[in-house]
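Let the sequences and hints guide you as you build the complete structure.
Chains A and B are the protein sequences, given in the same order.
For the first sequence, counting from 1, position 266 maps to 338 in the working numbering; every step adds exactly one.
For the second sequence, counting from 1, position 393 maps to 402 in the working numbering; every step adds exactly one.
To be clear, the hints were calculated from the coordinates, so they are not data collected in a lab.
Among these hints, one or two may not hold up.
[What the hints assert, rightly or not] Listing some non-contacts, in silico: residues in chain B with all C-beta distances to chain A over 10 Å:
1. Q149
2. R278
3. G380
[As the list claims (entries may be wrong)] Stretches of chain B that chain A covers, calculated by requiring three or more beta carbons in the stretch to come under 8 Å of a beta carbon on chain A:
4. 88 to 96
5. 297 to 307
6. 324 to 335
By construction, the Cβ of each residue, glycine as well, lies at the ideal position given by its N, Cα and C atoms.
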Amino acid sequence: MIKFERFVLGNGLTVLVHPDPSTPMAVVNVLYDVGARDEVVSKTGFAHLFEHLMFGGSINIPDYDDPLQVAGGENNAYTTNDLTNYYCQLPADNLETAFWLESDRMLSLAFSKKSLDVQRKVVCEEFKEHYINKPYGDVWHTMRELAFKEHPYKWMTIGKELSHVENATLEDVKQFFFKHYTPVNAILVVAGNVTVEHVKELAEKWFGDIPSGEKYNRHLPEEPKQIEARRMTVHRNVPMDAIYKTWHMCARRDDDYYVTDLLTDILGGGASSRLYQSLVKEQQLFANINCYHFGSLDKGLLTIEGQLIQGVDIEKAEAAIELELDKVRKELLDERELQKVKNKTESIMAFEDMSVMNRAGSLAFYELLGDGELMNTEFQKYQEVKSEDLHRIANEVLTNENSNTLWYLSDKK
Amino acid sequence: MPDRKLAPGIKDAVEYKIALKKPDIFSLGNGVKVYNVQAGTEEVVQIEWVFKAGNWFDEKKNVSSAANFLIKNGTQKKSAYEINELVDFYGAYLNRNCSNETAVVTLHCLTRQLPQLLPLVRETFTEAVFPEEELLIFRQNMKQKLAVNLLKCDFVAGRKIDELLFGFKHPYGVYSIEEDYDAIQTEDLKRFYAKYYQEGNCTVFSAGILPKDYEQLMNQYFGDLPFNKTATEEITHPIFAADQKKWNIINDAEGVQGAIRIARPFPTRRHPDFPKVQVLNTLFGGFFGSRLMNNIREDKGYTYGIYSYLVNHIHAGAWMISTEAGRTVCEATVNEVYNEMKELREGDIDPEELLLVKNYLIGTLLGDLDGPFHIIGRWKNLILNGLDDSFFYQSVDTIKNIQTDELKELANKYLRPEDFYELVVV
Numbered sequence: 073m074i075k076f077e078r079f080v081l082g083n084g085l086t087v088l089v090h091p092d093p094s095t096p097m098a099v100v101n102v103l104y105d106v107g108a109r110d111e112v113v114s115k116t117g118f119a120h121l122f123e124h125l126m127f128g129g130s131i132n133i134p135d136y137d138d139p140l141q142v143a144g145g146e147n148n149a150y151t152t153n154d155l156t157n158y159y160c161q162l163p164a165d166n167l168e169t170a171f172w173l174e175s176d177r178m179l180s181l182a183f184s185k186k187s188l189d190v191q192r193k194v195v196c197e198e199f200k201e202h203y204i205n206k207p208y209g210d211v212w213h214t215m216r217e218l219a220f221k222e223h224p225y226k227w228m229t230i231g232k233e234l235s236h237v238e239n240a241t242l243e244d245v246k247q248f249f250f251k252h253y254t255p256v257n258a259i260l261v262v263a264g265n266v267t268v269e270h271v272k273e274l275a276e277k278w279f280g281d282i283p284s285g286e287k288y289n290r291h292l293p294e295e296p297k298q299i300e301a302r303r304m305t306v307h308r309n310v311p312m313d314a315i316y317k318t319w320h321m322c323a324r325r326d327d328d329y330y331v332t333d334l335l336t337d338i339l340g341g342g343a344s345s346r347l348y349q350s351l352v353k354e355q356q357l358f359a360n361i362n363c364y365h366f367g368s369l370d371k372g373l374l375t376i377e378g379q380l381i382q383g384v385d386i387e388k389a390e391a392a393i394e395l396e397l398d399k400v401r402k403e404l405l406d407e408r409e410l411q412k413v414k415n416k417t418e419s420i421m422a423f424e425d426m427s428v429m430n431r432a433g434s435l436a437f438y439e440l441l442g443d444g445e446l447m448n449t450e451f452q453k454y455q456e457v458k459s460e461d462l463h464r465i466a467n468e469v470l471t472n473e474n475s476n477t478l479w480y481l482s483d484k485k
Numbered sequence: 010m011p012d013r014k015l016a017p018g019i020k021d022a023v024e025y026k027i028a029l030k031k032p033d034i035f036s037l038g039n040g041v042k043v044y045n046v047q048a049g050t051e052e053v054v055q056i057e058w059v060f061k062a063g064n065w066f067d068e069k070k071n072v073s074s075a076a077n078f079l080i081k082n083g084t085q086k087k088s089a090y091e092i093n094e095l096v097d098f099y100g101a102y103l104n105r106n107c108s109n110e111t112a113v114v115t116l117h118c119l120t121r122q123l124p125q126l127l128p129l130v131r132e133t134f135t136e137a138v139f140p141e142e143e144l145l146i147f148r149q150n151m152k153q154k155l156a157v158n159l160l161k162c163d164f165v166a167g168r169k170i171d172e173l174l175f176g177f178k179h180p181y182g183v184y185s186i187e188e189d190y191d192a193i194q195t196e197d198l199k200r201f202y203a204k205y206y207q208e209g210n211c212t213v214f215s216a217g218i219l220p221k222d223y224e225q226l227m228n229q230y231f232g233d234l235p236f237n238k239t240a241t242e243e244i245t246h247p248i249f250a251a252d253q254k255k256w257n258i259i260n261d262a263e264g265v266q267g268a269i270r271i272a273r274p275f276p277t278r279r280h281p282d283f284p285k286v287q288v289l290n291t292l293f294g295g296f297f298g299s300r301l302m303n304n305i306r307e308d309k310g311y312t313y314g315i316y317s318y319l320v321n322h323i324h325a326g327a328w329m330i331s332t333e334a335g336r337t338v339c340e341a342t343v344n345e346v347y348n349e350m351k352e353l354r355e356g357d358i359d360p361e362e363l364l365l366v367k368n369y370l371i372g373t374l375l376g377d378l379d380g381p382f383h384i385i386g387r388w389k390n391l392i393l394n395g396l397d398d399s400f401f402y403q404s405v406d407t408i409k410n411i412q413t414d415e416l417k418e419l420a421n422k423y424l425r426p427e428d429f430y431e432l433v434v435v
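Given below as structure tokens:
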């Protein structure tokens with residue numbers, strides 16, 4: 073059980089406190105309800121570029137990192153298609169330093185030209201390092217464009233193309249900041265060796281006078297239901313052919329999410345999963361194969377990806393995947409297999425909660441979903457899933473007309 | 010209204026007293042030592058069985074890593090699938106990892122599942138059979154993985170720099186080529202397994218919320234095995250460092266980035282300079298606020314990240330600077346690295362900067378000791394290096410007390426460009 077308390081400041085900032093006296097440290101986690109899905113199509117990659125700029129100095133403090141490090145702290149941040157999360161950990165005695173730093177950059181950035189110029193370059197190098205200069209690096213760029221026609225999930229967090237990041241202006245930065253980086257659009261979680269009273273006092277002192285801003289209500293274009301299978305083939309400088317297949321699945325808040333999550337485990341979660349055992353071990357058609365999803369807040373994708381054994385015919389390999397999918401569509405799975413994936417889920421959740429930093433991040437995420445308490449109750453939803461549910465979801469989701477298939481072929485032959 | 014220009018007061022992290030919680034230790038019937046850190050909030054455990062079975066003991070390349078990987082892929086009683094299914098059914102993870110001196114089998118599971126899983130782990134130490142079919146799959150998959158990795162400049166640079174530092178015949182410098190995988194035979198694996206696992210040298214490290222009858226359980230399943238009967242043979246491997254210092258390799262003519270590695274040999278942690286250089290390294294390139302990062306990423310934007318670190322193997326070490334930079338700015342990046350070395354040798358370090366580094370180091374140390382897995386990790390490192398917590402406390406003292414002039418002296422001793430290998434792989 074993760075115990076926490078919640079209060080809301082006058083300006084609309086939600087604050088969760090999770091005291092844990094067993095550590096000398098404190099964690100301050102600020103989640104902003106903005107991600108790459110909130111970008112416009114001509115300026116993609118912006119939410120992530122912006123995350124970099126959050127370290128380039130705020131209105132009253134020239135540098136974020138130095139004072140935190142002086143106080144014995146460390147920090148990082150990440151951006152996804154759905155949200156942006158900042159977290160730092162420092163000795164609990166110095167908790168106020170984190171409040172001072174985090175509140176000032178919520179109040180206003182410095183909007184430094186130099187920082188923008190440098191971080192544009194840094195992000196371009198990040199883009200190259202992860203997506204251009206890596207074998208199979210452009211898979212998700214290609215797959216997202218194939219699978220999404222309307223919804224902004226059609227581009228990656230890093231951006232659709234380098235030029236969008238290269239052309240970002242200081243004006244863009246300001247607009248984005250005042251639209252999204254406001255108390256009403258943020259969740260603050262404080263965890264570790266802290267008391268609720270002290271956190272209340274500090275939150276009021278440092279965040280209380282920040283103008284609340286306008287609640288951002290997103291109206292994203294809904295992805296039309298896919299009614300026809302889509303296929304694409306690309307040739308690239310890679311040594312092995314690979315197959316990527318995706319199907320549209322439900323959103324994170326949907327009750328069917330838990331069913332779909334278990335279904336991915338049945339198919340491709342670990343060494344005893346069906347796809348691995350059948351296609352890697354028994355038939356030896358693939359060198360590796362995985363089934364997963366991203367847990368997207370809006371309707372996302374269930375994915376199967378596998379790298380073929382050299383020389384295997386790709387049509388034959390794909391047919392073998394289909395045969396396994398046929399089995400989950402046609403047959404109910406037995407209780408032991410269902411129990412297995414539930415046990416794995418229980419275990420994963422327990423291990424995720426080991427560090428106070430992870431617990432703070434999870435609390436913020438579940439609060440964004442609707443209620444931090446979900447962190448304690450969610451496993452119950454998995455417990456309730458039945459074989460019939462998996463059978464139903466397999467038939468609803470894993471259909472041909474709902475599928476997107478990418479053949480990623482080696483151009484070396 | 011708070012004065013936002015004024016930083017709140019802080020307690021300097023260097024004022025913290027840091028304690029490394031001592032593990033409980035018991036010995037099994039066969040003399041195997043079990044170190045335990047009983048702590049945490051979740052009902053989970055982690056157990057690591059560490060064998061002296063790393064590539065230090067290889068007579069043929071990759072036999073140690075293949076034996077380690079395939080140890081759970083079939084026993085006299087169970088197929089690889091049956092083992093995997095049991096591990097998954099109990100929500101556990103049975104991982105293997107092979108490094109230079111040691112090879113490890115690690116179990117993660119919920120505490121209540123431990124009694125169901127220990128007999129299975131025992132079976133992998135007594136009855137692994139290394140089926141031919143499993144070896145064939147392993148070979149093919151490893152060859153494909155290698156082929157993909159060889160397209161990555163950072164992978165190619167990482168293994169080349171190790172070869173330059175230690176020589177291709179040394180366990181720290183050796184790397185795999187495709188043919189090595191074809192050469193491995195099941196007989197090699199069985200021989201290696203018999204000597205280094207079945208009758209091997211084993212030490213156990215466990216952490217988490219351990220069950221009340223933990224000692225009894227461990228004795229029941231591992232206390233009678235023929236471990237630690239003979240002392241592991243002392244094998245020495247001479248180092249043959251390369252003569253040529255500068256290397257430029259074009260791995261991918263179309264590449265848009267270069268992987269840069271700049272490295273010099275450096276003593277192991279037993280050398281008195283080691284803890285001091287840890288501090289100097291942090292300031293130089295060891296964290297996000299380092300000089301290398303501030304100059305090359307935060308000022309010039311040449312890279313997404315640049316780090317330096319001490320490579321601390323048991324028998325020999327190195328000091329390494331590592332980054333991926335835009336292809337057109339690789340040369341400029343290398344020059345800036347040397348400029349930062351020069352600045353450390355010739356310039357004076359601001360005491361404020363050193364205090365920041367000290368506070369950062371102590372702060373992260375405090376944070377790193379959060380939770381049983383981190384604590385046992387520290388102990389494992391000490392014990393496998395033949396050290397104890399006096400080394401840990403000495404490192405903490407060094408961080409707290411080292412002065413700027415000592416760092417300058419160390420920079421003049423170790424950060425001399427002529428001692429470094431310089432490698433750029435595009």
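Report holds if the minimum CB distance from Q149(B) to chain A is greater than 10 Å, and violated otherwise.
-> Check fails; 6 Å does not lie beyond 10 Å.
Counting residues of the stretch 88 to 96 of chain B with a beta carbon closer than 8 Å to any beta carbon of chain A, are there 3 or more?
-> holds (count 5)
Go check the stretch 297 to 307 of chain B versus chain A for me, would you? Three or more residues, Cβ under 8 Å, otherwise it fails.
-> It holds, with 4 qualifying residues against the three required.
Once the closest CB in chain A is found, is it more than 10 Å from G380(B)?
-> 6 Å, violated
So is R278(B) really clear of chain A, every C-beta pair being over 10 Å apart?
-> 23 Å, holds
Does the stretch 324 to 335 of chain B contain three or more residues whose Cβ lies closer than 8 Å to a Cβ of chain A?
-> holds (count 3)
When the structure is compared with the earlier hints, violations turn up for hints 1, 3 and for no others.
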